[in-house]
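*Asks:* One letter stands for each residue in the lines below.
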Amino acid sequence: MATEHQTIEHHDEIDHDHPSDGRYIQIALILGVITAVEVMTYVVDFGALMVPSLVIMMIAKFGIVAAYFMHLKFDSNLFTRVFVSGILLAIGVYVAFLTSLHIFSS
Amino acid sequence: MAVTDERPLELTTGDDAVVGHPLGAFTRPTKTTGWRSWLTTIDHKKIGILYGGTALFFFFIGGIEALLIRMQLAQPDGQVLTASQYNQVFTMHGTTMVFLVVMPLAAAFANYLIPLQVGARDVAFPRLNAFSYWTFLFGGIVLNAGWFLGGSPDNGWFNYAPNSGLAYSPGHGIDFWNLGLLIAGIASLVGAVNLIVTCLNMRAPGMTLLRMPVFTWMALVTQFLLLFAIPVLTVAQFLLLFERLFGAGFFDPAAGADPLLWQHLFWIFGHPEVYIMILPAFGIVSEIMPVFARKPLFGYPFMVFSGIAIGFMGWGVWAHHMFASGLGPVSVAAFSLSTMFIAVPTGVKIFNWVGTLWGGKLRLTVPMAFAIALVVQFTVGGVSGVSHAVAPSDTQQTDTYYIVAHFHYVLFGGALFGMVGGLYFWWPKIFGRHLRDRLGWWHFWLMAIGFNLAFGPMHILGLQGMPRRTASYPEGMGWDFWNLVETVGAFMIGVSFLVFAYNIIVSRNNPPAEADPWDGRSLEWATSSPPPVHNFDEIPTVTHLDEWWHRKYREDDQHRMVRVEGVKSFTSPDGPAEAPHLPSPSYWPLVLALGLPFIAFGLLYTYWLCAVGGLLVIAAAYGWSLEPSVDPAAAHHDEAHHDAHDEVLEPVATTPEETTE
Amino acid sequence: MTTTAEHTSAAHPTEAHHTSTGLSNEKLAMWIFLGSECLLFGGLISTFLLYREVDPLRGPSVESLYDIPFTSVSSFVLLMSSLTMVLAVAAIKRGDQRNTRVWLMTTALLGASFVGGQVYEFTVFYREGLGYTTNLQGSAFYTLTGFHGVHVSLGIVMLLSLVVLSLRGRMGTERAETVEIVGLYWHFVDVVWIVIFTVVYLITP
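Residue numbers (the working numbering), protein chains in the order written: chain A, -15 to 90; chain B, 279 to 939; chain C, 3 to 207.
For reference, chain A alone in the conformation it holds in the complex:
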């Protein structure tokens, strides 16, 4: 389940690749742009592309916040695994349940 490091690290003290403040602001701007495009779907008709593009943008924002703001990209992948387990389990179980209740068939 876990890749453990037997070496002892003074984890709090070590600075990993750490986005600078400027970088964080850039990332926030990207998130803002994506949000703007999302809101566009309310105004402009994307047709059949609406749902897929919204889902993709949602996943992109989720991933960016998790990877950069929550620092997952730079931290131990144990954190990622634990978090992703929760996400995947939730999706798996709830999609199965909603499917069983025929929610996806019209």
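Hints were generated in silico from the structure; no laboratory data involved.
Cut-off 25 Å, straight-line C-alpha distance, at most; resulting in silico cross-link-like pairs (SDA-like, lysine to any residue):
hint	chain 1	residue 1	chain 2	residue 2
1	A	K57	C	K95
2	B	K639	B	W796
3	A	K57	C	R177
Guided by the hints, dock chains B and C onto chain A, whose structure is given.
*Replies:* The following block gives chains B and C in isolation, referenced to the frame of chain A:
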């Protein structure tokens, strides 16, 4: 019992004085003896004992409820209980046994053993650990409040909608079920976070994950199951709470709702829940059998991975509890298949236990008997389980006594037998005294025979069509004989536990137990019985699975096990060379937990109680976060400890132990 | 090597305590907790998805009441609060007490604006005829967004508590991880909103 007021714990840091150094209004407690120390303890061992003792108390209550059921059903047209009383009794029996007995017993073992087995001094978050215990206790109290406050829940332990709504259950009974279990759920969730971090982060040097004892592994998988399953139940419970408190129509067909929502959410929790209940017992058996077969566990990696596999696969089978609910053929077929597959990793375990015994030097002790009984009885329950997996046959079996037989065989014949075996096995370690052997055998045989008499015939009655959850059955169905047999069996079980209680009481006079009375394999046997408050004088460096065994025995040239001379435990009678630095007790966990039942009762009776509870919670949260980890005035003999360096520590020499093989 | 059992104290500065994975206990605990929260919010979102399909038996449908421009601004505000949160963490790591407080306060204020926006939105819906129990869709909507709002509010309380601790000089660089962990919780709450905004507001049947 070793741990009492009369025998203070060996706290070598010498903190018995109450030191007054207010940081704010209240001082942090420091006493570790006396009855008040149990209220403020953060020691995982004491907390484990609290969990176990409370679980046994609730077992007594759930047992009385069972005997009431059996008295009612001993004869046709029973008059012992009214239908309404019967519904309450069987609901509370099931809810109690699941949430207030088996789960906390597992928590007791996990709390007591995990730090010892991984070579740590305590869990990752000791105060959070205490909070879990108190929260569980208060949840159990809220759940049982109905006996005194107008009626207990009466809708089955699974509490299906829409019967759980106000229209059909206007009293507060269902609310006690809901709120009591919401509170208890917090305990489990918080405990899961705590123990997962403990297992991942607090292992002794050299203890890789695949050198952890199997009990710790099974407990770890169980914690992950709890972590992810409890929130699903929480969702269902909040929806029900808002339905009952505010009139939201989440499960009300009249509002357009689908009552199956409850069933799905409940069983998405409920199926992992049964693995939560059995995996710790599987872990216990995996500890007991190798010791009394004098052989390592057969196929340790398979045992670990099958446990993990059960954990994963357990998420994919929940709707097998719903085959008769109108799911439709596609869902039914899918869940039927997945349910059949889950028998595979469990089968692997059964074979591995048999493989452990095969060719071993067997010692038939009381704990070994309970462990073997689990394997046999769980197999019976597992086989009936496979028959339920076949959806067409389940349609016949569901809601009959055949199902009751199945789950009692796996949960009582399996989990509870395993846990009682664990009690006999670890009792000398925990309390420093053995339980008496002869009484133990009486307990075992009365329990085993009683159990099989009580639940075996249920297979027959179920297939003959006797329905579950009905308060009485009419004459002339042909069910009378077996029902009477079952009642006799149930009372035998009751007697067996009276024997157990008597054993516990008289064992206080037994001579003190050695550190390693069974010639054990894992680290908890490498320290005194009971362990000192700091667990080990020196934390060992681990180089093997079954580390303690490998310290005691070496293989000679002819591959025979030879006992190593003068092998030392990790605890000396003089105490550790340097006093370990342990956090002080705290009363905030108790206070925070106490706020919760106030909030619960407040939601039902008056919002003023909610306000009181809320204040307690907020005050305790801040008090907890801001109190120092040890009383600053307490003497620190060990300032040097704060330099972190690796020391490979040799175990401290003790009085020479017998070195015969 | 002794493993110390607990490390959350004001009297003892947090040391880089040795753990088997080299990772901090508290941080690992927060990530584990966030994993479990996925199941909680997943359940509430699924309940909403299930019940949004149910025609309202009375009252307006929740979708008919959405004010997407308003909610978009609200969502943007919450997103930006994540930015200010990471800036707060960066500040405390540098030992910059003042900016730590500035960014923490800003995060709290942005969060409060978000919650304020929610409250306003709910009030408008209520006036338009959608109470908590008016119809099933509405109940599911309010429950999901309400749970989220409570989570945000708890986050605001934690942020303000950190500001107060900082004002009292109890938040040196050794406490950077505490801020980081509160940040993780905050970002999670933001990330849940990212999902809710898309699934509840933007993707309508």
